[in-house]
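Here is what each chain is made of, one letter per residue.
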Amino acid sequence: MNWDWNAVTDFLPHFRDGLLVTLQALALGSVVSFLLGLVWALLVRTPTRWVSWPVGVVTEFIRNTPLLVQLFFLFYVLPEWGLTFSALTTGVFAIGLHYSTYTMQVYRAGIEAVPTGQWEAATALNLPLRRTWTVVILPQAVRRVVPALGNYVISMLKDTPILMVITVPEMLSEARLYAQETFRFTEPLTVIGVAFILISYSASLILRTLERRLVR
Amino acid sequence: MTPGLWELVLRGVWVTLQLLVFGALLATAVSFVVGVARTHRRWIVRFVAGLYTEVFRGTSALIMIFWVYFVLPLAFGWQLVPMWAGVLALGLTYGAYGAEIVRGALTAVDPAQREGGIALSFTPWQRMRLILLPQAVPEMIPPFANLVVELLKGTALVSVMGMGDLAFSGSLVRLALQESVEIYAYLLLIYFVIAFLLTRAMRALERRLKAGVGKAPVRKAAVPSARVPEGAGAGGGA
Chain X
967 MNWDWNAVTD
977 FLPHFRDGLL
987 VTLQALALGS
997 VVSFLLGLVW
1007 ALLVRTPTRW
1017 VSWPVGVVTE
1027 FIRNTPLLVQ
1037 LFFLFYVLPE
1047 WGLTFSALTT
1057 GVFAIGLHYS
1067 TYTMQVYRAG
1077 IEAVPTGQWE
1087 AATALNLPLR
1097 RTWTVVILPQ
1107 AVRRVVPALG
1117 NYVISMLKDT
1127 PILMVITVPE
1137 MLSEARLYAQ
1147 ETFRFTEPLT
1157 VIGVAFILIS
1167 YSASLILRTL
1177 ERRLVR
Chain S
12 MTPGLWELVL
22 RGVWVTLQLL
32 VFGALLATAV
42 SFVVGVARTH
52 RRWIVRFVAG
62 LYTEVFRGTS
72 ALIMIFWVYF
82 VLPLAFGWQL
92 VPMWAGVLAL
102 GLTYGAYGAE
112 IVRGALTAVD
122 PAQREGGIAL
132 SFTPWQRMRL
142 ILLPQAVPEM
152 IPPFANLVVE
162 LLKGTALVSV
172 MGMGDLAFSG
182 SLVRLALQES
192 VEIYAYLLLI
202 YFVIAFLLTR
212 AMRALERRLK
222 AGVGKAPVRK
232 AAVPSARVPE
242 GAGAGGGA
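In the order they appear, the protein sequences are chains X and S. The opening residue of the first sequence carries number 967 in the numbering used here; numbering runs sequentially from there. The opening residue of the second sequence carries number 12 in the numbering used here; numbering runs sequentially from there.
No lab work stands behind these hints, which were simulated from the structure alone. There could be a bad hint or two in this list.
In silico EDC-like pairs for lysine to aspartate or glutamate, Cα to Cα no more than 16 Å straight-line [as the list claims (entries may be wrong)]: (1) X/K1124 x S/E150; (2) S/K221 x S/E150; (3) X/K1124 x S/E65.
Work out the full structure, taking the sequences as your base and the hints as a guide.
What follows is the structure, given as structure tokens:
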């Protein structure tokens, strides 16, 4: 293998630009998926059938179809409907939407894991529904779901390279651009591969400690 | 859509199905080899298998695909046919996830079963083949069903390399028709139908395997088991 360290140092500035975009997409995508997932989880729990059933079907559909195609869908269809966003915004929304269908299941399990006695106590204290949720149920549920949500953040990190297909300049795009200009594929692709392993592995170590602290 | 374009889409479905089947076969083989190796007695075997899973789970499937397409040919001087390059990248990546499923199911088998095998002076291979795997495999099916759906979604990634799978033929049709909503809606629907059939098939497989070990398959409870109120709140609640 012809490995060239000069190409590595040459690629590093591009790598840094890509890394920043990747992290930005990851952070925003996480926020979208956390919030939207909670909305889905609460909607699916509503007793009204005509709300919970469609939400269940739609999220099931999103979870079982490829993010890549969803990305294309949003990227090409939204402008046709007169909604024009930057590639990054579209990408963040697509990732957030896709993963919200996963975080929704996490929240659901977390909410269901809160002991029934807590609900009964809230009823006994005559707490209004909104306060039951905000001060009794959710604080206990969220604590349990943090590790599982963290796992999906790592998955999301590993899905950010897909944003390349809609021209978001994240790490893989930068590596590909660099490769096309210099005809050196090995170094940039290896650098970002190693970067992904390092980030996701250290993130999973952090999660494991977090898990020990939060989950009894 | 004209019949010609539908034909293009159908050819894409065929390529996607091939990728799915071969990728799943390779991933299954990798999962069992690596997963069993992670329970091996020698630490060096466990370490190598662990390293494999960390590396392949740590990178992204798309980066692996790029690697197999662009770096392998440069490094070893041979180039893979696109189909096999795709299968290799997908199989190795999803096999790493599968290895964790195999390991988890193996360690979940009651230790007494293992000890029983030792008491009967079975060789380690006999214990694995006759005692541990028959009990662990049915437990692996539900997570493997999820993994197969993930693999199906992963096959769309090879379209980035210009391989004529469903997602790729879809983008060709889009160029021909200039009609994004219709074609992408069809694509998503086709993927969903394949995923749906896969999950159904896996559920049937689980039922058969569990019948073989004499265990009734646990139906996925809609309500997560009526919780018995525990501790102090039990009496005072209602």
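So, going through the hints one by one against the coordinates:
Among the hinted pairs, X/K1124 with S/E150 is inconsistent with the structure: their alpha-carbon atoms are about 27 Å apart, more than 16 Å. Annotation: proposed proximity of S/K221 to S/E150 holds, straight-line Cα distance about 8 Å (limit 16 Å). In summary, the hint linking X/K1124 to S/E65 is supported, as the alpha carbons are separated by about 13 Å, within the 16 Å threshold.
The structure fails hint 1 only (numbered hints given earlier).
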